[in-house]
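Peer 1: Chains as they are written, first to last, in our numbering: chain A, 1 to 294; chain B, 1 to 562; chain C, 1 to 317.
Hints were generated in silico from the structure; no laboratory data involved.
Treat the hints with care, as some may be off.
Said to hold, decoys possible - So the derived list for chain B, only partly shown, Cβ under 7 Å to chain A, looks like this:
1. Glu337
2. Gly341
3. Val435
Unchecked claim - With beta-carbon atoms standing in for the labels, derived distance ranges:
4. C:Thr228 x A:Ala46: 50 to 60 Å
5. C:Gly76 x B:Lys51: 43 to 53 Å
6. C:His54 x B:Lys537: 45 to 55 Å
7. C:Val21 x A:Pro52: 55 to 65 Å
8. B:Gly476 x C:Ile185: 49 to 59 Å
9. A:Ala46 x C:Ala226: 46 to 56 Å
10. C:Leu9 x A:Ile150: 35 to 45 Å
11. C:Gly76 x B:Gly470: 44 to 54 Å
12. A:Val41 x C:Asp59: 45 to 55 Å
Please read these numbers as outputs of a predicted model, since none were measured by experiment.
Where is the CB? At the ideal position from N, CA and C, for every residue including glycine.
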Amino acid sequence: MSAAEALAPAPPAARPRSRAWRRFRRHRLALFGAAAIVVMVIAAAAGPWLIPFDPLHIDLRHRFQPPAGGGHLFGTDQLGRDLLIRLLMAGRISLTIGFAAMTVSTAFGTVVGITAGYYGGALRIALMRFVDAVLCFPQIFLLLVLAAFIQPSIATLTLIIGATSWMEVARVVEGQVRSLRERDFILAAETLGASGRYVMFRELLPNAIGPIIVAATLTVARAILMEAYVSFLGYGIQPPMASWGNMLNNAQEYLASAPWLAIFPGAAITLAVASFNFVGDGLRDALDARLDLH
Amino acid sequence: MEDDPRTDRTPRLVTPRRRLLAAGAATGAMAWLGPKLGWVAQAHAATPPAKPTGQIVIGFSQEPTVFQPLLPHIEVDEGVYFNLFSALWRVDATGALQPDLVAEIPTVANGGISADGTHWHLKLNPKAKWHDATPFTAADVAFNIALIQNPKFLAGRRAGIDLIEQVTVIGPHELRFRVKKPYAPLSAILSWTFLVPKHLLEKVADINKPEAFLAHPIGTGAFKWGERVPGDHITLTAADSYHGVGPYVEKLIFKYIPDMTVLYTQFQTGTVDYVGIQGISPDRYAAARKLPDRIVAPAPQPFIENIAFNLGKPVFQDRAVREALYLAMDKKSIIQEIYYGLPTETESFLPSQSWAFNPKLPPHRFDPAKARALLDAAGWKPGAGGVREKNGVRLEFTNSTTAGNHTREQAQQLLQQNWQDIGARMSIKNLPPAVMWGDYWTYSKFDTTMVGLDFMVGPDPDATQYFGSGGIPAKGGGGDNTTQYVNPEVDKLLAQGAAEVDPAKRRPAYLRMQELTRRDLPYLPIFQYAMVQGVKKGLVGFTPNVNVQENSWNANSWYWAS
Amino acid sequence: MANFLLGRLVQSLVLLFIVSVIGFAVLHLAPGGPLAQFALTPGISHAELARMAHQMGLDQPLPVQYWAWLRRLLGGDWGHSYRDNQPVLAVILGRLPATLELMATAIVIAVLTGVWIGVMGAIRRYSIFDMLATIGAMIALSIPTFWFGLIVIYIFSVNLGWLPPGNRSTIGGGGGILDYLHHLIAPAIVLALVEVAVWSRYMRASMLDVINQDFIRTAHAKGLPARTVLWHHAMRNALLPMIALAGVEMPTLLGGALVTETVFTWPGMGRLLLDSLGYRDYPVVMGILMVSALLALLGNLAADLLAAVADPRIRLR
Numbered sequence: 001m002s003a004a005e006a007l008a009p010a011p012p013a014a015r016p017r018s019r020a021w022r023r024f025r026r027h028r029l030a031l032f033g034a035a036a037i038v039v040m041v042i043a044a045a046a047g048p049w050l051i052p053f054d055p056l057h058i059d060l061r062h063r064f065q066p067p068a069g070g071g072h073l074f075g076t077d078q079l080g081r082d083l084l085i086r087l088l089m090a091g092r093i094s095l096t097i098g099f100a101a102m103t104v105s106t107a108f109g110t111v112v113g114i115t116a117g118y119y120g121g122a123l124r125i126a127l128m129r130f131v132d133a134v135l136c137f138p139q140i141f142l143l144l145v146l147a148a149f150i151q152p153s154i155a156t157l158t159l160i161i162g163a164t165s166w167m168e169v170a171r172v173v174e175g176q177v178r179s180l181r182e183r184d185f186i187l188a189a190e191t192l193g194a195s196g197r198y199v200m201f202r203e204l205l206p207n208a209i210g211p212i213i214v215a216a217t218l219t220v221a222r223a224i225l226m227e228a229y230v231s232f233l234g235y236g237i238q239p240p241m242a243s244w245g246n247m248l249n250n251a252q253e254y255l256a257s258a259p260w261l262a263i264f265p266g267a268a269i270t271l272a273v274a275s276f277n278f279v280g281d282g283l284r285d286a287l288d289a290r291l292d293l294h
Numbered sequence: 001m002e003d004d005p006r007t008d009r010t011p012r013l014v015t016p017r018r019r020l021l022a023a024g025a026a027t028g029a030m031a032w033l034g035p036k037l038g039w040v041a042q043a044h045a046a047t048p049p050a051k052p053t054g055q056i057v058i059g060f061s062q063e064p065t066v067f068q069p070l071l072p073h074i075e076v077d078e079g080v081y082f083n084l085f086s087a088l089w090r091v092d093a094t095g096a097l098q099p100d101l102v103a104e105i106p107t108v109a110n111g112g113i114s115a116d117g118t119h120w121h122l123k124l125n126p127k128a129k130w131h132d133a134t135p136f137t138a139a140d141v142a143f144n145i146a147l148i149q150n151p152k153f154l155a156g157r158r159a160g161i162d163l164i165e166q167v168t169v170i171g172p173h174e175l176r177f178r179v180k181k182p183y184a185p186l187s188a189i190l191s192w193t194f195l196v197p198k199h200l201l202e203k204v205a206d207i208n209k210p211e212a213f214l215a216h217p218i219g220t221g222a223f224k225w226g227e228r229v230p231g232d233h234i235t236l237t238a239a240d241s242y243h244g245v246g247p248y249v250e251k252l253i254f255k256y257i258p259d260m261t262v263l264y265t266q267f268q269t270g271t272v273d274y275v276g277i278q279g280i281s282p283d284r285y286a287a288a289r290k291l292p293d294r295i296v297a298p299a300p301q302p303f304i305e306n307i308a309f310n311l312g313k314p315v316f317q318d319r320a321v322r323e324a325l326y327l328a329m330d331k332k333s334i335i336q337e338i339y340y341g342l343p344t345e346t347e348s349f350l351p352s353q354s355w356a357f358n359p360k361l362p363p364h365r366f367d368p369a370k371a372r373a374l375l376d377a378a379g380w381k382p383g384a385g386g387v388r389e390k391n392g393v394r395l396e397f398t399n400s401t402t403a404g405n406h407t408r409e410q411a412q413q414l415l416q417q418n419w420q421d422i423g424a425r426m427s428i429k430n431l432p433p434a435v436m437w438g439d440y441w442t443y444s445k446f447d448t449t450m451v452g453l454d455f456m457v458g459p460d461p462d463a464t465q466y467f468g469s470g471g472i473p474a475k476g477g478g479g480d481n482t483t484q485y486v487n488p489e490v491d492k493l494l495a496q497g498a499a500e501v502d503p504a505k506r507r508p509a510y511l512r513m514q515e516l517t518r519r520d521l522p523y524l525p526i527f528q529y530a531m532v533q534g535v536k537k538g539l540v541g542f543t544p545n546v547n548v549q550e551n552s553w554n555a556n557s558w559y560w561a562s
Numbered sequence: 001m002a003n004f005l006l007g008r009l010v011q012s013l014v015l016l017f018i019v020s021v022i023g024f025a026v027l028h029l030a031p032g033g034p035l036a037q038f039a040l041t042p043g044i045s046h047a048e049l050a051r052m053a054h055q056m057g058l059d060q061p062l063p064v065q066y067w068a069w070l071r072r073l074l075g076g077d078w079g080h081s082y083r084d085n086q087p088v089l090a091v092i093l094g095r096l097p098a099t100l101e102l103m104a105t106a107i108v109i110a111v112l113t114g115v116w117i118g119v120m121g122a123i124r125r126y127s128i129f130d131m132l133a134t135i136g137a138m139i140a141l142s143i144p145t146f147w148f149g150l151i152v153i154y155i156f157s158v159n160l161g162w163l164p165p166g167n168r169s170t171i172g173g174g175g176g177i178l179d180y181l182h183h184l185i186a187p188a189i190v191l192a193l194v195e196v197a198v199w200s201r202y203m204r205a206s207m208l209d210v211i212n213q214d215f216i217r218t219a220h221a222k223g224l225p226a227r228t229v230l231w232h233h234a235m236r237n238a239l240l241p242m243i244a245l246a247g248v249e250m251p252t253l254l255g256g257a258l259v260t261e262t263v264f265t266w267p268g269m270g271r272l273l274l275d276s277l278g279y280r281d282y283p284v285v286m287g288i289l290m291v292s293a294l295l296a297l298l299g300n301l302a303a304d305l306l307a308a309v310a311d312p313r314i315r316l317r
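Given the sequences, and given the hints that come with them, work out the whole structure.
Peer 2: Set out below in structure tokens:
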């Protein structure tokens, strides 16, 4: 057993956790967001089993059926496919990409930022100059050039989106940690002989959690939007598979003639992104240990 | 976001069709008389203004950037060339040659071309002047020919011109040259060879980078260079010294609007007077026709939408596979539903307006049952996942095109379903233009491609680049035969057709060739394009021309009805 | 301080070199090339394209091409655009004014309103204002920009006719200052909307952090007026992470307004980068890359210096 593990405290007691949950529950927007995410995830996962249409079956005689027309609750699309089931199938892809890319970029950005901020010195210089180097590339350059090498799929799009959006998290975390690093309670913990890993993840991380969560929620918003953006630039999920991004992008021509084709995926993106943001906001308040002092 | 960059149109030389449009091409107003009659010139009360008045804004979804017309360029650049520069002659909407920098079109009848087609004698228009007031002379023509032949010069197009020799300047407005061997497409090639001034280009340090000229080009066209704001617009202004008809407007502005939806919106709100190059998306046709004070209608183009096979792949070497895929293609639905009945169904690689077009090819039938029977008979048996296979080769392939062409993506998805019905699995792999039309296309790395191709050389039906067995880049050839099609009889017919000057004698070779390509199916022909064109009401003189790259070809004679 | 700056300078040069190597390599190795655009032009055959590729040096080994580029760059020659043959630096500088006009307007709107909304939201946490600001920010962040831009055009240009449907000034018009401003309204607001949301969220989070810290509570306990505590003590500290954010946002100045520029037909840097990438105009892309790297480095340096000035506890290393 290493020194770091020996020093690691016991798992947090139940009390702080339940306090956090209580605070989260008071946050009405967060509850709304959480509920919306749960509903969307369940609908995307199970919904397609309940709808008697094939998401890929083309029926040109029934193109552009308005909502509730011909037994299609949300109408049909430009190829006569049921829009509701395509929306749900698209939800699987978009939610997966958004959530996975957020996880990848936040985890990576946080580790880089906290390591650089805590250790400082040559390691900090190397890591933060690496962040700087990646930040030197306009995001659009990275997206387009990296995407030219790969076959668009959920995994590759997640990696590309993750790879182009972790730097901001790293910088914000590093700035936060560097400022906290000089605070009394950290110096105290070090004086008491706490290991680097302990200080980083038990002392610094909880105190830097606010900005990380804010950054993460904004990142999930961006990841889902970026999927739409990548579709717009021609590297997105390939037809006939649907994502919210490519559905919205393909609806451009029909804004006037069949507006529901744009309204539903647009609303789905907005709802999903906003929900993740609400939850992130609620989590931020809930996890902020300092609020207990009030 | 960018649609297929290949949505341009190209010239054809002579057409047997009646000269419906000829009379009013220069001065008449165009009117849309319904699907069967098309754009037709009609007499009108308005007359052109006494001096150039007003401005016309042409919206392009691609940006013109190359202003030395002999350098490699894309079709959108030619929209500018037609107005800034001149060629020896131009092809009008009927397919006939009209004099531009020449005083008269050289023919065998008037002695301009020798009976065997090898000796040419040109008489130039003495009124023609460069925009800097230097007279245009025979020395300029000789300079242009020499420049294109100069091995150090990166000429975009060299074919045909490289056969010219013994150029002799007889007088300031008269010259003679010889052609090494009779080459029918030469007239067509000269119609898109815009001439550049000798006095400005003969002394530049690097002939491929004439920086000063590119920043401020000087031509002989109806409009002279005004200004260019990169990424935004190009302004040409009326040239008072112009040797032809017009110009009647003071400013001709080419506005770059990269997004097609935005381009349409600017047309809708009146910011843009004419939607050039790719026109209006078929999906917007119905709505656009209802716009007040706008004239919106389709105009035919020489592009043939097709599925190009890579015959180098084992799965497509069996003709039965290509035939079966053609039988299983629901062509009517693609044309009638997805493209709203705008394009014309075709079996040929030539546009129906061409004098070499073969109207008697076996018509396509949509017959999935027959397709299945054909595959069964050829030994393609259903295998895992319902996909047929034969000798370990699965009937499974990708289909690619430029990403972002939404209408074409719909057709791809329909084909995917059509072909799945007969046990062929097609997956869609669309790529951005710089990737799609790079090595992937040129060196035949694709399985199948959905593409709108213009197979001709200008207005000439010579398709050697696309069908000649010597033009396969993947096998070291210099042409565009990316399907890797090899047929000795086709090679022979192509050589025959190019060596004969008289269209009447050339025609049988091309008719037979179309039968062969219809039988061999290196490409599955789907339709000939018709592009939805939109102009503001009151713009007089707009004349769609299937023979040129861009319908701003005659903007010198456009004006506003007052 | 002098040591710090000297160290940064050396680091920056190394960084620029690394950026140029990585950028050059991935750009040239990516499938596709600058001649693809001509592949389907009627009359241009593969033989002519192969000759061009040779003359442009595109068939040489990558290290040779890189060395040629670097040598010219060190001699002050940024190369010429493959597309219009103009000098790269002139091409880039020509697009700068349009981008600066749009970005500066949007950023001023965004920072002012964003910081204000963020602070108000933090001190009146869970009030109706905070609730509405939160919901508004979330929705602003959730709408794809190209979509929002199109809707603005449909409503205000197509239907109401109040604003022009894009462009920097009236086409072919004289272009007075009022004309420019009229054209600036819609794109600046569309671009600012997302930035307002970002800034207000960060500002609110940062402000909340500060408000709950000991020294603020101490200040309140000492009986200092609430206003003084807020503006003198809290704001100063809450703005710290904002400085880092501003540093990060610096390079987006070049590519960030891409979508807005596309929808509103604005001839700025974002469009230039997208078009140059689309046509694989290598010299221009490399030029933009180097300029944007330089700007990013300056932005970071400025952020670090400002952070040190604002918070004396941070030592420059």
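Peer 1: I want to verify a distance hint. Is the separation of the beta carbons of Gly76 of chain C and Lys51 of chain B within 43 to 53 Å?
Peer 2: holds (48 Å)
Peer 1: Can you tell me whether the CB distance of Ala46 of chain A to Ala226 of chain C sits inside 46 to 56 Å?
Peer 2: holds (52 Å)
Peer 1: Can you let me know if the beta-carbon spacing of Leu9 of chain C and Ile150 of chain A is within 35 to 45 Å?
Peer 2: holds (37 Å)
Peer 1: Measuring from the C-beta of Glu337 of chain B to each C-beta in chain A, is the shortest one below 7 Å?
Peer 2: Because about 4 Å separates Glu337 of chain B from the closest Cβ in chain A, which is inside the 7 Å limit, the hint holds.
Peer 1: Taking the Cβ atom of Val21 of chain C and the Cβ atom of Pro52 of chain A, is their distance within the range 55 to 65 Å?
Peer 2: Since the Cβ atoms of Val21 of chain C and Pro52 of chain A sit about 57 Å apart, the hinted range of 55 to 65 Å holds.
Peer 1: Assuming the hint says 50 to 60 Å, is it satisfied by the Cβ distance from Thr228 of chain C to Ala46 of chain A or not?
Peer 2: holds (57 Å)
Peer 1: Holds or violated: the 44 to 54 Å window for the beta-carbon distance between Gly76 of chain C and Gly470 of chain B?
Peer 2: Holds, at about 46 Å.
Peer 1: Does the beta carbon distance between Val41 of chain A and Asp59 of chain C stay inside 45 to 55 Å, or does it fall outside?
Peer 2: holds (52 Å)
Peer 1: A range of 45 to 55 Å was offered for this pair. Does it hold for the Cβ distance of His54 of chain C and Lys537 of chain B?
Peer 2: holds (51 Å)
Peer 1: For the hint on Val435 of chain B, does the least C-beta distance to chain A fall short of 7 Å?
Peer 2: Holds, about 6 Å.
Peer 1: Taking the closest Cβ pair, is Gly341 of chain B under 7 Å from chain A?
Peer 2: Result: violated, 13 Å to nearest chain A Cβ.
Peer 1: State, for the Cβ atoms of Gly476 of chain B and Ile185 of chain C, whether the hinted interval 49 to 59 Å holds or is violated.
Peer 2: Because 58 Å falls inside the window, the suggested range holds.
Of the numbered hints given earlier, the model fails hint 2 alone.
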